[in-house]
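Novice: Residue-level listing of the chains:
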Amino acid sequence: MLAASLVWFALLAAPSPATSTEFVAIPGGEFRSTIRYAEEDAPRHVDGFAMSRTPVTVAEFEAFVDTQPQWRRDRVPSLLADRGYLANWQDADRSGIDGDAPVTHVSWFAADAYCKSVGARLPDWSEWEYVAAASPTQRDARGDATWRARLFDDGTPRGIDARANAVPNAYGVSGLHGTTWEWVGDFSTLMGDADKRGGEDGDRLQFCGSGGLSFNNRDDYAVLKRVALLSAMEPRSTLGNLGFRCARSTP
Amino acid sequence: MKRMFKRFFLGLALCALAVPALAGEAAALPGDSVYQVQSSLTDQDGRTVAWQDLRGRPAVVSMFYANCHLMCPLIVASGKALQKRLTPQEYAGLDLAMLSIDPARDTPAALREVATTHQLDLDRWHLLRPSDGDVRTLAAALGVRYRAQPDGTFNHTSVLILLDREGRIVARSEVTGLQPDAAFVDKVRETLAAAP
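Here the protein sequences come in this chain order: A and B.
For what it's worth, the UniProt record's numbering labels the leading residue of the first sequence as 1, then goes sequentially.
For what it's worth, the UniProt record's numbering labels the leading residue of the second sequence as 1, then goes sequentially.
Incorrect hints may appear among the rest.
Among chain B residues calculated to face chain A with C-beta under 10 Å, some are [claimed, not checked]:
| no. | residue |
| --- | --- |
| 1 | G31 |
| 2 | V37 |
| 3 | Q83 |
| 4 | L86 |
| 5 | G133 |
| 6 | Q149 |
| 7 | V185 |
Each pair of labels, with its calculated beta carbon distance range [unchecked claim]:
| no. | chain 1 | residue 1 | chain 2 | residue 2 | range |
| --- | --- | --- | --- | --- | --- |
| 8 | B | T176 | A | T146 | 46 to 52 Å |
| 9 | A | G172 | B | E190 | 55 to 61 Å |
| 10 | B | A193 | A | N88 | 41 to 47 Å |
| 11 | B | E113 | A | I97 | 31 to 37 Å |
Honestly, the hints are just simulated from the structure, not real lab data.
Ideal Cβ placement from N, Cα and C applies to all residues, glycine included.
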């Protein structure tokens with residue numbers, strides 16, 4: 001057991017070939033999400049997984065574009081990214097901006113491809129929300145009204161994690177409430193319409209067409225704002241303050 | 001069928017030559033082609049096929065999972081009903097591809113069973129299992145949403161998507177019953193007529 005943990009730790013600590021992305025082990029647990037899908041009411045169990053310690057940086061993304069030039073902004077097909085893709089870079093292969101800053105102006109497809117390139121994936125919404133519920137001192141700080149109120153500044157330079165020397169949260173993860181929003185792997189399920197239920201019940205089929213998502217806690221405005229933002233995106237969309245980080249399932 | 005085999009072996013040869021060859025082929029694709037996504041799938045006979053192997057002929061694609069008792073049979077029935085509305089020549093020119101959103105359970109054997117149950121013409125139908133990591137990417141390219149539910153079933157968009165021979169989305173038809181809507185059938189025939 002100990003040996004297995006050590007190997008897992010070594011895997012987490014080992015830098016990926018293309019980048020130096022560091023992953024932090026996140027223990028699983030029960031979590032009551034702020035959002036609720038129609039089919040769920042009980043708290044959700046989040047399995048243990050690993051999340052990158054910081055958002056993917058401009059320098060890391062430059063290295064990716066270098067090894068996979070089909071993701072250069074002058075070569076990327078329109079299916080996979082809109083015209084804003086990496087629009088803030090000086091050249092197609094060189095950003096000319098702060099390499100340590102979170103990369104932005106990236107589509108979901110590009111984020112998905114980046115994470116695959118380091119043997120990872122985008123985190124699911126429930127994983128993201130679970131880790132983002134932590135303050136520097138508490139794994140679930142959502143009962144702390146002062147902390148929660150500060151989350152209104154997510155996605156702006158006033159965000160809790162916006163400063164470079166901001167303290168990591170209780171899991172050791174940084175930047176979840178910084179200047180940038182972050183893609184999640186299942187962002188498209190945050191919107192309920194156009195769904196058709198695959199179950200047996202004809203009535204539910206009708207019901208499902210009207211939307212599968214509601215909110216458990218309407219006071220959690222910062223999360224509602226984030227969900228609203230993500231649900232408005234297409235997978236090829238880009239924004240100047242939307243980046244991403246990667247995750248790995250625990251083997 | 002022969003043609004499909006040829007494409008399959010050509011695909012293998014290209015794989016052997018490694019990525020640059022594939023990238024070269026992709027570069028000639030329209031930017032909005034869904035075949036811009038590079039993905040390797042397994043079909044109902046356990047063969048590895050490239051997503052791009054569908055390129056070259058118009059196709060109707062959908063996403064489904066085998067262990068699904070309400071919407072998925074409707075999707076298949078709707079595809080078969082569409083085929084019945086075509087002339088023999090049109091019928092022979094249209095591929096139908098069903099992509100699984102449940103690769104863990106949709107083994108080639110499970111896909112084969114769907115084909116048998118629904119008596120699908122496997123010269124035209126392709127039941128395909130993407131790798132785990134590619135399901136979301138393909139779904140995003142096709143505009144299909146899905147979500148696993150706690151009981152092991154899935155919520156998912158039930159839609160027939162018409163692709164032209166280059167993989168551009170021409171039309172979509174929400175599956176609501178056993179028959180595809182008439183406008184969609186017209187689009188399929190138009191697209192087949194335009195294909196050389």
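Novice: Now look at each hint and say whether the structure bears it out.
Specialist: Evaluation of the provided hints:
no.: 1; hint: G31; verdict: holds, 4 Å
no.: 2; hint: V37; verdict: holds, 8 Å
no.: 3; hint: Q83; verdict: violated, 22 Å
no.: 4; hint: L86; verdict: violated, 25 Å
no.: 5; hint: G133; verdict: holds, 6 Å
no.: 6; hint: Q149; verdict: holds, 5 Å
no.: 7; hint: V185; verdict: violated, 20 Å
no.: 8; hint: T176/B <-> T146/A: 46 to 52 Å; verdict: holds, 50 Å
no.: 9; hint: G172/A <-> E190/B: 55 to 61 Å; verdict: holds, 57 Å
no.: 10; hint: A193/B <-> N88/A: 41 to 47 Å; verdict: holds, 45 Å
no.: 11; hint: E113/B <-> I97/A: 31 to 37 Å; verdict: violated, 54 Å
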